[in-house]
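There are 4 protein chains.
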Amino acid sequence: MAKKQLKIALIGYQFMGKAHSNAYRQVAKFFDLPVEPVMKTLCGRNEERVRAAAEHLGWQGYATDYRQVLDDPEIDIVDIATPGSSHCEIAVAAAKAGKHVFCEKPIGNTLDEARRMLEAVKAAGVKHAVFHNYRKAPAVALIKRMIDEGRLGTIYHWRAVYLQDWIIDPNFPLVWRLDKEVAGSGSHGDLGAHLIDLARFLVGEIEEVSGLMHTFIKKRPRSAGADGKLGAAGAVEGELADVTVDDASLFLARFRNGALGTFEATRFAQGRKNHNKFEINGSKGSVVWCMERMNELEFYDATDPEGLQGFRTIQATENSHPYMEGYWPVGHIIGYEHTFINLVADALRAIAEDRNPSPDFVDGYENQRVLDAVERSHDSKSWVAL
Amino acid sequence: MAKKQLKIALIGYQFMGKAHSNAYRQVAKFFDLPVEPVMKTLCGRNEERVRAAAEHLGWQGYATDYRQVLDDPEIDIVDIATPGSSHCEIAVAAAKAGKHVFCEKPIGNTLDEARRMLEAVKAAGVKHAVFHNYRKAPAVALIKRMIDEGRLGTIYHWRAVYLQDWIIDPNFPLVWRLDKEVAGSGSHGDLGAHLIDLARFLVGEIEEVSGLMHTFIKKRPRSAGADGKLGAAGAVEGELADVTVDDASLFLARFRNGALGTFEATRFAQGRKNHNKFEINGSKGSVVWCMERMNELEFYDATDPEGLQGFRTIQATENSHPYMEGYWPVGHIIGYEHTFINLVADALRAIAEDRNPSPDFVDGYENQRVLDAVERSHDSKSWVAL
Amino acid sequence: MAKKQLKIALIGYQFMGKAHSNAYRQVAKFFDLPVEPVMKTLCGRNEERVRAAAEHLGWQGYATDYRQVLDDPEIDIVDIATPGSSHCEIAVAAAKAGKHVFCEKPIGNTLDEARRMLEAVKAAGVKHAVFHNYRKAPAVALIKRMIDEGRLGTIYHWRAVYLQDWIIDPNFPLVWRLDKEVAGSGSHGDLGAHLIDLARFLVGEIEEVSGLMHTFIKKRPRSAGADGKLGAAGAVEGELADVTVDDASLFLARFRNGALGTFEATRFAQGRKNHNKFEINGSKGSVVWCMERMNELEFYDATDPEGLQGFRTIQATENSHPYMEGYWPVGHIIGYEHTFINLVADALRAIAEDRNPSPDFVDGYENQRVLDAVERSHDSKSWVAL
Amino acid sequence: MAKKQLKIALIGYQFMGKAHSNAYRQVAKFFDLPVEPVMKTLCGRNEERVRAAAEHLGWQGYATDYRQVLDDPEIDIVDIATPGSSHCEIAVAAAKAGKHVFCEKPIGNTLDEARRMLEAVKAAGVKHAVFHNYRKAPAVALIKRMIDEGRLGTIYHWRAVYLQDWIIDPNFPLVWRLDKEVAGSGSHGDLGAHLIDLARFLVGEIEEVSGLMHTFIKKRPRSAGADGKLGAAGAVEGELADVTVDDASLFLARFRNGALGTFEATRFAQGRKNHNKFEINGSKGSVVWCMERMNELEFYDATDPEGLQGFRTIQATENSHPYMEGYWPVGHIIGYEHTFINLVADALRAIAEDRNPSPDFVDGYENQRVLDAVERSHDSKSWVAL
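Residue numbers (the numbering used here), protein chains in the order written: chain A, 46 to 431; chain B, 46 to 431; chain C, 46 to 431; chain D, 46 to 431.
Don't read these hints as lab results, they were simulated from the structure.
Worth double-checking, as some hints may not be accurate.
If chains are identical, the list can't say which one is meant, so a pair holds when it fits in one copy or spans any two.
Said to hold, decoys possible - With a Cα cut of at most 27 Å, we get these calculated BS3-like pairs of lysine-lysine:
#1 Lys-264 <-> Lys-74
#2 Lys-264 <-> Lys-329
#3 Lys-74 <-> Lys-48
#4 Lys-49 <-> Lys-263
#5 Lys-264 <-> Lys-52
#6 Lys-322 <-> Lys-48
#7 Lys-329 <-> Lys-263
#8 Lys-74 <-> Lys-52
#9 Lys-74 <-> Lys-189
#10 Lys-49 <-> Lys-264
#11 Lys-426 <-> Lys-52
#12 Lys-426 <-> Lys-48
#13 Lys-167 <-> Lys-52
#14 Lys-225 <-> Lys-263
#15 Lys-189 <-> Lys-48
Excised from the complex, chain A in its bound form:
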């Protein structure tokens, strides 16, 4: 008997669009799902490009305006993978059109946008998911399981960094990710939001923060964006213009459960490519994870025999580990793209079972509350309670 189909429209076909497309294409090959995902429509503004992308990425058709897919009664899910500035408008409209809404993170460029998006999906009664994909790395999911089993005991410390190095050169141009109007913020929302999500997933809600945001290189040469525009009327390519987002964002946090946290997101850490790393210290043990070696985690078990204790490297590639049953034998590692496949598997299964996916817009909204509090802490040079 044929499975029920879920027909998807994806908005955006750059980096995230490619990752989402791959996830929809591959998910049923590695997971035994109760539904069949159908890659119906890819949506983008430039017809020539979106047509080529749709064909290349495996979509049945394409559209040049997101309203077209909202009008298509066959579409079940609208997945938003555009820059942050358009998330809110599309998500609210999609919810009103009765579509389930999936969205890249951070869900909005401001806390207000995030709130409106959450209200919209709630009002419409549609399902919603946010692409905090790193939760779905098997090693991270294993850590979650270990925490839930009590293997870390009471958590005392969270310590997280997300380090990259791609804009250290002062001649690196003013791409959209460095434009506050499009991106909302810099490292803060791009990288820091991932750390916040992992912290909320693994440790719990944050109570108060003290943070700082900083821009090391304050002017950069203009360059045309993906839309061929320079970001300002009358702008000249190559002229120096203001960087309007942070290069680095750091904050201290107290969690509601009493744990202390440090968070640091920067694009100015030479040699760190995608160094999304955290350590958790609890009364009974500690764990460490880093995206660059995403198939591994380190675990210190304080209940091991005395004298034989140490951080052990667990390869989270056993069939018994989260998400790994459908992939390869132990030690045959998976990669970045599989975090998206795993997320999509979870989300599609949730929808098939009439549950909401996790993480969802509530997570997106709570995440944005932390981002917002850090910005206010930076402005006030003091602690801010959430």
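Put chains B, C and D on the given structure of chain A with help from the hints.
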């Protein structure tokens, strides 16, 4: 304009069949190929299973006898992903039928089979490829590039291990990989063949070897294979029967270029899951690679300033690294399955350009010559020249 | 010709006393010094214990009151290795007595004490040194050299943790290090002071801080200290009493040169034994060092050829590396105690050459200014400028 | 009450002489010994140098002929730290003189010498020890304890390398270690002997071997040795002369208990400084140790809960770990020199208790039997039984 199509038939749908299928399905999404691969026929003996597998893995149709696909004039490529005992028969027949032949490693269960396979493809003038996939890990391909650029200088040492731990339990049953008639050998051909290929690829041809092969657990309980058979007439499930292959295979080697090598393949190394690791020491530098962290390599450059020398960990995930242009941004790692995608990309491109893929049956044959020499060295307890 | 002698009196013979004694005993065996250190007097309050310690640790004699050594005209250097509460009194008296003063860190328990100590040595015109020994690890000194050579370029980030795990058990007793009157503070002054010194040594002066200090376990059982006392009149062994120091201390910092810093000191990080670790990111490169592997450092050189960049592990054990000429061949590592030997070698050589050692009481005082600012930031929940 | 004294004469004051001297000087500071070691006489042929060395290294006196110390009735122990060519003569004479004999490894330059040395100490009834110091690294001693406790189960594999890189430059001169008459062999006896000792200590006796020895650079420029001689009558400094020892030595082994082993010693591994590393795989677990991080070991415990297994890094610096009680707190690492201190502590305690130290000349002799068998295997190109 539509690209020329290459229509593929795959024989076998277990572990390797799944990995090959994924490669054909994904290759055109990450590589801009001059041809379009078409997944036409999946072939297996059990109709019910092969039909389900074909649908699940993305094949247009299926067949229950490999001769059917040889008779299909549309098929361009026959890819053999069955246990070693059937490679020779299928490959020779496919070559005679004028098909290009791709084959899992080791190409034959004996040197004689490998020779007949090589002669068959040469006689037929068809293209041939062997799935020594680890060559295609970006980090390994980068090492090859570095060696070709002279960055290691004269090579003195090759040191390789392939360590696994899945049959240490004496109650682990007598699966087909432990049956010489089906598998040809144990760790030797399964794991050691990979090390030999990497050594030949990176260092050069081997001149002489001194080796030993050993079976630690000499009897194991019988179990039904994938074909539902117990491997011997009148056999009873669970009764102890002889393990007919090696658990471990070790050898010393001298390369033609004067380098010295050590090779060790075993399934008895607790904690080592897929620990395919090598180190090369040259006059100007050294490199280390391990499959379990396949996106990385370590490089010691003796030409670095004195006092600042050290092994550096290169993340082979830059766009400029081999095979990485079509994947993800730097630091967003890929996994095991991508070695197959890369291999298939190379092989399809070669066929489109009327070149032979690399590695090919010559590599498969030369590999088997080393495997064979080690076996003879074991028997004679002395060095054996190739 | 006999070398000039420098006669030393050491106050204290516990952990630090043992480390200092070893340094004086060994320094002339590994370094060619212009002076001969003479281990004249060990000083402690318990005569039986100090006599035994003096004999065991290699001192010529002992004293039971530090005033005795101040009265001894032969003594050139008074080295203070007692708990922080007695540093100020002894140091001021020693300076007044015309002795050179060496002191463990942090030099005082309060900023006021540190100021008085600095004023005393300046007024007396004596030499002064503080035992921030980690500066003297060869790998750290090499990093300093690399920074001075410009190999890191402009420094953007300092990221440091000092993690231990020895008091996580709530039944761990109220030892002197957990008593504010004796120790001054907890992790803050014990561990954090080391991080501050390393930051000042390698990055520069700190401009402002935002910090928090926290005590996870607020009451612990009383236990008798080294002096046999329970810390309060009428106290009963085993009864719960207040922990008066911090278990963890964290702060964000801005350096005068524009770099951003994070600092975290805790005794609640399971599995971290003496995990004194920092990372520095500059425009041209990054470095990482950890005390637990103190002979190594990691260095990322952004000027390496593109595609071949990576963090390299430098073993700072070459003869050409700082302090290593007199030890062992490369790769034959040294240990914790050698940081003290190196510090003493530097300090004795400075005194022989009529220079002040480095680090000195100015460093001790500046360090305490940062410790003090963090405490005030904690109290005010806002940034504090230095 | 004063402890009984053991008076020591040390022959040789180069690298090993310095390491032994340090051990005798420090041993009573870190260990509570039943005897008091007295550093009475340092012996060397060049009076000026040995006098300076004796003073610098802390010896009471010196001698220029080893016979002088044999004639000194006060000397209890003669410790031989000269190049291998003089070991046998001195050791035999010392034994005949009734002295306890300590000796650097390998004890002789030939199997015949080793046998004569062993016979001499047995005939004389004196105590004997050999400086296989790496046994005495706390992490190695901990591994021994773990094996004895059964934590590894049945041992299947031993895998060891000792890699250095100091003679790769073809212009590196013909020092005494490259002269067979003085050194006996090259990497084989210098490095390989250490691996053999560790294997015998941890795994057991070796039954048969198949090996090869190789000299990559066959001629090097002559240089004057420590004795100012060029190694041959009429030799000219800088002229090319034959290297008479191996640059690399590799062998496979079968142990009596059924384990398989690989051994590789080389001075041609770029980037490897003192890379003395082994891995042991048993039915219940695996361990890894490397001298360059000598305070750590990796341990895989197959009895850990499924899904939570992994190699853990144990810092062998707890007070409860072998030899560590007298040193520093956990995580405050020790270095190379402490292996000698630990060895001397064990040896002196053994003599005080009228036991023979371990390892002793029996170990030295058994070690040499393996070295000899590998040489014969190399010559015969076949396996050689011991």
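Against the structure, the hints:
no., hint, verdict
1, Lys-264 <-> Lys-74, "neither (47 Å within a copy, 37 Å between copies)"
2, Lys-264 <-> Lys-329, "between (48 Å within a copy, 19 Å between copies)"
3, Lys-74 <-> Lys-48, "both (14 Å within a copy, 26 Å between copies)"
4, Lys-49 <-> Lys-263, "neither (52 Å within a copy, 51 Å between copies)"
5, Lys-264 <-> Lys-52, "neither (44 Å within a copy, 54 Å between copies)"
6, Lys-322 <-> Lys-48, "neither (39 Å within a copy, 43 Å between copies)"
7, Lys-329 <-> Lys-263, "between (45 Å within a copy, 19 Å between copies)"
8, Lys-74 <-> Lys-52, "both (17 Å within a copy, 21 Å between copies)"
9, Lys-74 <-> Lys-189, "within (25 Å within a copy, 33 Å between copies)"
10, Lys-49 <-> Lys-264, "neither (53 Å within a copy, 49 Å between copies)"
11, Lys-426 <-> Lys-52, "neither (48 Å within a copy, 51 Å between copies)"
12, Lys-426 <-> Lys-48, "neither (56 Å within a copy, 57 Å between copies)"
13, Lys-167 <-> Lys-52, "within (21 Å within a copy, 49 Å between copies)"
14, Lys-225 <-> Lys-263, "within (13 Å within a copy, 45 Å between copies)"
15, Lys-189 <-> Lys-48, "neither (31 Å within a copy, 47 Å between copies)"
Checked against the numbered hints above, the structure violates hints 1, 4, 5, 6, 10, 11, 12 and 15; every other hint is satisfied.
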